[in-house]
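Which chain is which? The protein sequence lines are H and W, in order. Sequence positions in the first sequence follow the numbering used here and run 88 to 143. Sequence positions in the second sequence follow the numbering used here and run 140 to 440.
Take the hints with a grain of salt, since some may be wrong.
[Claimed, not checked] What follows is a list of derived Cβ distance ranges for each label pair:
| hint | chain 1 | residue 1 | chain 2 | residue 2 | range |
| --- | --- | --- | --- | --- | --- |
| 1 | H | E136 | W | A239 | 36 to 44 angstroms |
| 2 | H | G97 | W | G240 | 58 to 66 angstroms |
| 3 | W | Q360 | H | C96 | 24 to 32 angstroms |
[As the list claims (entries may be wrong)] Below 20 angstroms or equal to it, Euclidean Cα-Cα: the simulated SDA-like pairs (lysine to any residue) are:
| hint | chain 1 | residue 1 | chain 2 | residue 2 |
| --- | --- | --- | --- | --- |
| 4 | W | K402 | H | V106 |
| 5 | W | K154 | H | C117 |
| 6 | W | K402 | H | D105 |
| 7 | W | K154 | H | E107 |
| 8 | W | K169 | H | C117 |
| 9 | W | K281 | W | E257 |
Read the hints as simulated data drawn from the structure, not as lab findings. Every residue gets a Cβ at the ideal spot worked out from N, C-alpha and C, and that includes glycine.
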Amino acid sequence: MTAANCVTCGDSVALPEDVEVGEIVDCGSCGTELEVLGVDPAELAEAPELAEDWGE
Amino acid sequence: MEVGLLYSRIRPDEKLLLTELRERGHEVHKVDVRQATFGLDAPPEPLGECDVVLDRCMATSRSRYASRFVEHYDLPVVNSPETAKVCSDKVETTLALSEAGVPTPETTVAFTTESALEAIESFGYPCVLKPVVGSWGRLMAKLESRSAAEAVLEHKETLGHYEHSVFYVQQFVDKPGRDLRVLTVDGEPVAAMSRSSDHWLTNAAAGADTESFDLPAEVEQLAREASAAVGGGLLGVDLMELDGDGADDEYTVHEVNHTVEFKALNAAVDMDVAATVVDWLEAKVAAEEAGNEATPAEVQP
């Protein structure tokens, strides 16, 4: 299993085997929404804030 | 086939599609529209190699422009920018449905708080005030009194963006605690669910309970007509039952979604929604290729 550090609290965040760049994961420690920027090596960033025109 | 996927966030819906496409051996080129640029002469690499491009942008503004550029490059795009334009704007959707004779809630648009208040008073209470662009039930207001209407209108005017001064006022439909979502591919209904909640908003994104729904023929037909009204493609058609007890045969179409999310639908129904969508994409690309291979004489009537 891949893991990367949360950019907010620094704790390790486990990523699923089939993780995709662009996917959102939650930090289990601090709850921050994190965007997967890279998978090899794994890299996380704080996910963008919800924008008004987001949706389906 | 080679599939381009425009995105800014990979939601569970995109992941279902990616998994299905790759398992079938298709090559997927993900293009993050936050990083790509779109010029006049050539598509951002590697979109030019793609047999079809899927617009899965979560931001409406990006979806509309990016799909328009893909069409400009002469590449097949799902959905078309015309469909995106109609579906992404509630005024456009309402007009398209009305012009096609598809039943849709009574709606009035006003451009000042004063005229909007007049429209609201004409509807009576409760009625609904919606943003013209937006999703997931956000910024929707069920107005139950004049004082509430005045407050919401003032707030909207203060929000600043000009779109909030396009006041979209709609009749409140006393639905039976649920609405219906029908997924259609080029008009053909492939799966449907009900979305139930004690709240007046029944969006799955807002936590409504979802359940598979057997479509009456009338709803299937309305879904087809709604799809045609907005230009077809891969769509989520939302309907409400009109009489409030769920036992009536009258329906109204209140929304058509062009970057439809189907995670909740996939969990509710006894079928693989992503597989059905990919089946449709494969057929669409095959038909496109067959059309391109035909000589001019063959395609003439």
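Structure-based check of all given hints:
1. A hinted range of 36 to 44 angstroms for the beta carbons of H:E136 and W:A239 is consistent with their spacing of about 37 angstroms.
2. Between H:G97 and W:G240 the C-beta distance comes to about 59 angstroms, which sits within the given range of 58 to 66 angstroms.
3. Between W:Q360 and H:C96, the C-beta spacing of about 53 angstroms breaks the proposed range 24 to 32 angstroms.
4. Between W:K402 and H:V106, the direct Cα distance comes to roughly 17 angstroms. Compliance with the 20 angstroms bound is thereby established for this hinted pair.
5. For the suggested pair W:K154 and H:C117, the alpha carbons sit about 25 angstroms apart, so the restraint of at most 20 angstroms is broken.
6. Pair hint W:K402 plus H:D105 holds up; C-alpha atoms about 17 angstroms apart against a cutoff of 20 angstroms.
7. In summary, the hint linking W:K154 to H:E107 is supported, as the alpha carbons are separated by about 8 angstroms, within the 20 angstroms threshold.
8. A distance of roughly 30 angstroms separates the Cα atoms of W:K169 and H:C117; the hinted pair therefore is violated under the 20 angstroms criterion.
9. Taking the CA atoms of W:K281 and W:E257, the gap is about 16 angstroms. The hint holds against a cut of 20 angstroms.
Going down the numbered hints, you'll see the structure goes against 3, 5 and 8, while the others check out.
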